[in-house]
Amino acid sequence: MISAIIFVLLITLGIGLPLTLWIAPKHNLVGRLGLSYLLGIGLFTLLMYGANFLNLKLTFINNVLLFLVVSLPLCFFQGKSLSKFRIELIDVKKGFHPTFIEKIILWASGFFVVSSFANTLYWPVYIWDALSLYDFRALVFAQTGFIKSALNALGGGFYFAYPLLTSLSHTIVYLTGGNNPQFLYSMFYLSLGLVFYGLLHEFISRNLSLVFTLVLLTVSRVFTQSIISYTNLPYMCYFSLGAIYFYIWSKSRTQGYLILSSLLIGLSSWTRSSEPFWMVILGLLILVSIFKKKFKDIVVFILLFFPIQLAWENFQSSSWSKSSTVAEVSSSLAAISGILNVKAWLEVINFFYKNIIYNWGAVFLLFVAAFIVSFFNKKFKKYYGMFFITFSLLAFFS
Amino acid sequence: MNKHKKYFRKILTINAKIFPYLVFLTFFFLFIESYMYEGFLAKILFVNARTFLFLTLCSSVGAFMYRVSEKKEDYTTTLVININQLMLPIFIASYVIMQYSEVLHFSNYVYSTYHFGPANFFYVLIFSAVLCSIDLVTRSASFKIFISRIKQSGKYRSNSAIYFLGFITLLCLSIFTIKNLTKTLSYITYQDLYIFNHINDTYQEKMRRAWGFYFDYMEFVKQYATGTNITILAPPQESPWLTSGNAGLDRYFLYPAKVVSATNDLSQGKDYDYIMISRGEWAVADETRYGWPKNKIKAERVWYIDENTKKITEYIGDYNPDNFAKKGVWGLIKIKK
Numbered sequence: 000m001i002s003a004i005i006f007v008l009l010i011t012l013g014i015g016l017p018l019t020l021w022i023a024p025k026h027n028l029v030g031r032l033g034l035s036y037l038l039g040i041g042l043f044t045l046l047m048y049g050a051n052f053l054n055l056k057l058t059f060i061n062n063v064l065l066f067l068v069v070s071l072p073l074c075f076f077q078g079k080s081l082s083k084f085r086i087e088l089i090d091v092k093k094g095f096h097p098t099f100i101e102k103i104i105l106w107a108s109g110f111f112v113v114s115s116f117a118n119t120l121y122w123p124v125y126i127w128d129a130l131s132l133y134d135f136r137a138l139v140f141a142q143t144g145f146i147k148s149a150l151n152a153l154g155g156g157f158y159f160a161y162p163l164l165t166s167l168s169h170t171i172v173y174l175t176g177g178n179n180p181q182f183l184y185s186m187f188y189l190s191l192g193l194v195f196y197g198l199l200h201e202f203i204s205r206n207l208s209l210v211f212t213l214v215l216l217t218v219s220r221v222f223t224q225s226i227i228s229y230t231n232l233p234y235m236c237y238f239s240l241g242a243i244y245f246y247i248w249s250k251s252r253t254q255g256y257l258i259l260s261s262l263l264i265g266l267s268s269w270t271r272s273s274e275p276f277w278m279v280i281l282g283l284l285i286l287v288s289i290f291k292k293k294f295k296d297i298v299v300f301i302l303l304f305f306p307i308q309l310a311w312e313n314f315q316s317s318s319w320s321k322s323s324t325v326a327e328v329s330s331s332l333a334a335i336s337g338i339l340n341v342k343a344w345l346e347v348i349n350f351f352y353k354n355i356i357y358n359w360g361a362v363f364l365l366f367v368a369a370f371i372v373s374f375f376n377k378k379f380k381k382y383y384g385m386f387f388i389t390f391s392l393l394a395f396f397s
Numbered sequence: 000m001n002k003h004k005k006y007f008r009k010i011l012t013i014n015a016k017i018f019p020y021l022v023f024l025t026f027f028f029l030f031i032e033s034y035m036y037e038g039f040l041a042k043i044l045f046v047n048a049r050t051f052l053f054l055t056l057c058s059s060v061g062a063f064m065y066r067v068s069e070k071k072e073d074y075t076t077t078l079v080i081n082i083n084q085l086m087l088p089i090f091i092a093s094y095v096i097m098q099y100s101e102v103l104h105f106s107n108y109v110y111s112t113y114h115f116g117p118a119n120f121f122y123v124l125i126f127s128a129v130l131c132s133i134d135l136v137t138r139s140a141s142f143k144i145f146i147s148r149i150k151q152s153g154k155y156r157s158n159s160a161i162y163f164l165g166f167i168t169l170l171c172l173s174i175f176t177i178k179n180l181t182k183t184l185s186y187i188t189y190q191d192l193y194i195f196n197h198i199n200d201t202y203q204e205k206m207r208r209a210w211g212f213y214f215d216y217m218e219f220v221k222q223y224a225t226g227t228n229i230t231i232l233a234p235p236q237e238s239p240w241l242t243s244g245n246a247g248l249d250r251y252f253l254y255p256a257k258v259v260s261a262t263n264d265l266s267q268g269k270d271y272d273y274i275m276i277s278r279g280e281w282a283v284a285d286e287t288r289y290g291w292p293k294n295k296i297k298a299e300r301v302w303y304i305d306e307n308t309k310k311i312t313e314y315i316g317d318y319n320p321d322n323f324a325k326k327g328v329w330g331l332i333k334i335k336k
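Heads up: the protein sequence lines correspond to chains S and P, in order.
With numbering that gives the first Met the number 0 applied, the first sequence covers 0 to 397.
With numbering that gives the first Met the number 0 applied, the second sequence covers 0 to 336.
FYI, nobody ran anything at the bench for these hints, they're computed from the structure.
Ideal Cβ positions, reconstructed from N, Cα and C, are used throughout, including at glycine.
Please note that the accuracy of each hint is not assured.
[What the hints assert, rightly or not] Okay, the calculated bits of chain P under chain S, using three or more residues with CB under 8 Å as the criterion:
1) 189-201
2) 204-216
[What the hints assert, rightly or not] A short list of chain P residues far from chain S (calculated; beta carbon distances all over 10 Å):
3) Phe23
4) Phe39
5) Lys42
6) Tyr251
7) Phe252
8) Thr262
[As the list claims (entries may be wrong)] Calculated pairs, DSSO-like style, for lysine-lysine (alpha carbon to alpha carbon, straight line, at most 27 Å):
9) P:Lys257 x S:Lys147
10) P:Lys42 x S:Lys56
11) S:Lys342 x S:Lys353
12) S:Lys102 x P:Lys42
13) P:Lys143 x S:Lys102
14) P:Lys42 x S:Lys353
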């Protein structure tokens, strides 16, 4: 089991870290550590998938070779940045003197992360969908060594229903001698906290960033997803952080953040492909690029996102009759036409009342008042969209 | 001093006076709901105990603001806050003991034995902890510096809308955090205590805990359904066989055997090597639905497993559903080809 954990950490530090140093050299240090895991594990599973289609059998030795082939050149080219990062890490550690309140918040955050790891290291994969699909595919891949033939032999569209990020990450653990891949989800949880803190700290003070990171880590749905082998938490990490990077890029125009956003949104579709949320980011990107007259950005996104998204989409539609991206877009457009359906709107309003307004009670009325104030207040007018999104999320996750 | 400020100070003073009594009332109501059940108070007073919790937390903000602005505190408030600080470790210890008892015995043990619900009691703990935290923060030097900076800048007068928004955001965030913290901490406490108490459990014991008898049944089927390239027929994927009838789930435990869910009750077929005998795991109102397959099947042999004792009995000959009462309702048929 320890060898599996070490190998996952090697992927994080040997592939993820140099990649983040290359793409976003000025990224916050703490956030970079979390991002390294997300990029490392996501892109390595994608490489395994690609190499397997070139007849490279899924074995431990082949995984090590694949890792070395990718990691060595990356570490070589990023050698200077890596040693700079190491020095920076030591400096930050030396200069880190948290206040009493910060210490309490750090201990509390640590408690949630440690609890997540305690659960995932103790419990084997036991949850329904993970047994019938995600982990089952991983075990079969590890036994047979070939993805395409294994999925075809299993038969049925069910085994093609979800992309392979989580299954192949489980396969990495099984091939490295591990017997319980659940810890990967605690790593996603930890990474989410680290990247969220890092990105917040680029804009607000350290203690406030710590407070809001703790708030995120305590969200019950996020925590419970961190201790089971479902695709929900990895998808949330990739998509939400990809959207945040996109938002920061649209404000600051840091090119590295657009690349990170494209990769993370791409990896979200490598985790779950049925949700077409990536279209929102693409749509917003087109609008921002037209508004700012910088069409190069659309090309960057397309070049990084679509190869990842289509890697699974094409295999899925060639092996099992599933709708293509074009069909997905046209069905989404058809769904948009349902916007005029009054009955559907009444159902939405009813749901909204029962699940949000009723739950929040008087606070919801205060929120409406606050929203109106923010709309008419000149200083807040430019933020009212973000304000609305924040409250909607609070309402949904409470 | 302008008129608004005067009114504001008056409200703060009144709030500071009633705050300790509100704290006392909230604790009282939360204890009542811990002893009775959630929603008990709403039946009598038409107000939930958690509404009191919310009101008291809002009032606590005002009470601590009064302490900072007036640089003094009501004697009763100090007394209540100090008692709360003393009680917090006791609340934590009591809660941990209750959860540990549930881990040692069974879920809902504390309520069924002592008529005291740990889930509702957790709100007492959270309320106490939040009061202590607000007290700690408002006493801290950095908070005092923060308040004096706001006062000195005088911006709050011209930016009242921003402060209003800030207050609403803080309020929503507090409710959001308390709600989530309650759920998550309660879950973690139980899980961590369970792990601590069952640290040496084997894979089988953990899976049995998660899946109950279904896991033993799958182990039994795997043991007796021998041979290469075999196909096992599972019950239809409908109530009450939603678990054992899920071929995808069964396959995880029985791989490399192929598992197929039956589409109807005609279970005899040339393509199958084995057929599962399943009572059904899910509750149904119509008791006659339990037990599958319901028709006679020509078989080489039939194995039955007892759900309670796990004792396995072998029967050579055809399968007859009328033997359910004698043989048990879980088993495996090796069909005659």
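**OP:** Of all the hints given earlier, name the ones this structure violates by number, lowest first.
**Re:** 6, 7, 10 and 12
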